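If you read the sequences in order, they're chains A and B.
Residue 21 in our numbering sits at position 21 of the first sequence, and the numbers go up by one each step.
For our numbering, add 158 to where a residue sits in the second sequence, where the first one is 1.
Since the hints were made in silico from the structure, they are not lab data.
Everything numeric in this text was worked out from a predicted model, so none of it was measured.
Where a beta carbon is used, it is the ideal one built from N, C-alpha and C, also for glycine.
Incorrect hints may appear among the rest.
Here are a few chain B residues that face chain A, going by a calculated C-beta distance under 10 Å [stated by the list, open to error]: (1) Thr252; (2) His254; (3) Arg256; (4) Thr314; (5) Glu315; (6) Tyr316; (7) Leu318; (8) Arg319; (9) Leu320; (10) Gly322; (11) Ile325; (12) Glu326.
Pairwise CB distance ranges (calculated) [to be verified]: (13) Thr272(B) to Ile138(A): 23 to 31 Å; (14) Pro61(A) to Asn285(B): 44 to 52 Å; (15) Pro134(A) to Asn341(B): 29 to 37 Å.
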Amino acid sequence: MQGRLSAWLVKHGLVHRSLGFDYQGIETLQIKPEDWYSIAVILYVYGYNYLRSQCAYDVAPGGLLASVYHLTRIECGVDQPEEVCIKVFAPRGNPRIPSVFWVWKSADFQERESYDMLGISYDNHPRLKRILMPESWIGWPLRKDYIAPNFYEIQDAH
Amino acid sequence: MAATSSYMASTKFSMLGWIGGKEELRKRRGFSVSAQQQAEIQESQEVKVQEQEQEQEKVKPQKKTQPRPVEPQVNVKSKNMGRDYGGQWLSSVTRHVRIYAAYIDPVTCAFDQTQTDKLTLILDPTNEFVWTTETCNMVYSYFQELVDHYEGAPLTEYTLRLIGSDIEHYIRKLLYDGEIKYNMNSRVLNFSMGKPRIIFNNDDQLQDVQ
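The following block holds chain B by itself, in its conformation from the complex (with noise of 0.2 Å):
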């Protein structure tokens, strides 16, 4: 296979977070992973890491992989990649989970094409579905679960299509359980996974119109 990818996603793929946007509407956007590449540094980083996964753990113990959020990173100023060029980013895109390999600013959104050592969930732009904070962690965990499963791929557009794919997967698993329900107030409402169930109440009878 002629893949030409020369990052290898090798080492440890840690949390970087995700962050609250500036309004509390959008507080589930963006969610960073990311690949260190470098030994010394992948050592200190698993420092804090782990530190932050017992303050995380004393907040609130789960059985699923803990999402291992990130300080906020400096932006670099990105060049010749600018939106016109959106294409060129390694990424994975579709409806509901866009991941780029790439730092995004959770208050300016802009992009840091340097960082490709992180990966970056958003999740649902177009708000199709209604989202809580716990409904965005199950996810955010999913996502964290995935990139730890395929630490050590090559980071190609094919293994964040992989991830990618699974999450919306996992995202129709939870809308078939009922975690999550469609968002009637969404600007485009043509129910992209499946048109929703209506459970009729059958226990009370109509009342007879005289």
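So that you can see chain A by itself, here it is in the shape it has in the complex (with noise of 0.2 Å):
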């Protein structure tokens, strides 16, 4: 099963790999960290203005790190606009995706925040660093093998 989207990356001789469809029937693709960019510029080129929402997840335990980019086409008088979500996935080891902030300027906050709680590093980011944990903080807390530290709280106050 193709979409539209796939089948134009695929003429114009773009790696990618279709994930199908989610529930809404939005097309979904994969593509490698190191095309990210440059596939990103191609997207915005072809009329994906708006960066609705990044987020990312931690995939299994021990394995994959993915960073999710859902894109959408504004346009004048279009009431269905098209849409497209990207997926990026990362080894957990060394996980580098490279930032699309220079292409979609809302990705700031949201790839800090990825940084932050699973320790995504955003290559060319502007200011990557801790967003909602403590600049000190150790770990990275939304990663599955994480484990919270012993921290006092106040858990009997009456």
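Can you join these two chains into the complex? Each is in its own frame, and there are hints to help.
And the structure:
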């Protein structure tokens, strides 16, 4: 099953893998980290001018880390805009994914949050540092192998 | 990890000692620990520390890590670090344990931001528990033990938080063992470490009310 964008990418000889469609019928593609920046530029030129959301998750214990991008093509007078979901997987040992900050500026805080929670380092991000946790925090809290430190919290106050 | 701390508390932490406050009631407050940064100073300091240890051992031999008190230091007046900027101190603050990477003058309670090689513990500032000198010393020696244990770790909020949390757990353990008890005259009485246990004396029978 191949979607429109996948067919278009194949026509232009861009490497990707189709992951099917999600429950809303939005096409999902997997793209290699090393190709991601150039394909992001191509998608922007193609017309995806709106990064609707960026998030990241840990696929499996000891497995890959994924960074997910939802792109939308905003145009005048269109009530069903074209959408696509891009997933980029990075190895846990050295998770490096090119940042799309310079394509879609709204990726700024979201990539910082992904870095903070899962430790994916986004290359070329202008200020990649922790955003939710204190800067001296050790470890990546949303990874599946994270062990929370035994910090004292008030639990029994009445 | 993007830890930006440039301080390495890599060398020996030595105890700077806690200092009696103005009044007898506040006798347990400040308790400082230092991490020496230069090797030369460290050596001379170590000698002092050893002397102090020997003195202490004469006084009361214990198995636990002895807190190594220090003589009062000369305070440098802090600049741009007023009370309003309290959050900027490298610190770990929970209800019963406040650890600052600074020296706190025991009498005037003034902070010295330049002495970041010292850790100061302020124990239970809200007076939730009834403390005696012995129980204070237990906490202080545990603090010294932890500081010795974390020797070489980067001096960051995270490390301080680990130390502070361990002390809080230790205080909780003391409470559960019955070493300390809640201060019923404290301003806020919300039993933050669990409700107090009441031991009923079942041996005595209630007298019949005629």
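Practice problem: Please flag the earlier hints that this structure goes against, numbers listed from lowest up. | Solution: 3
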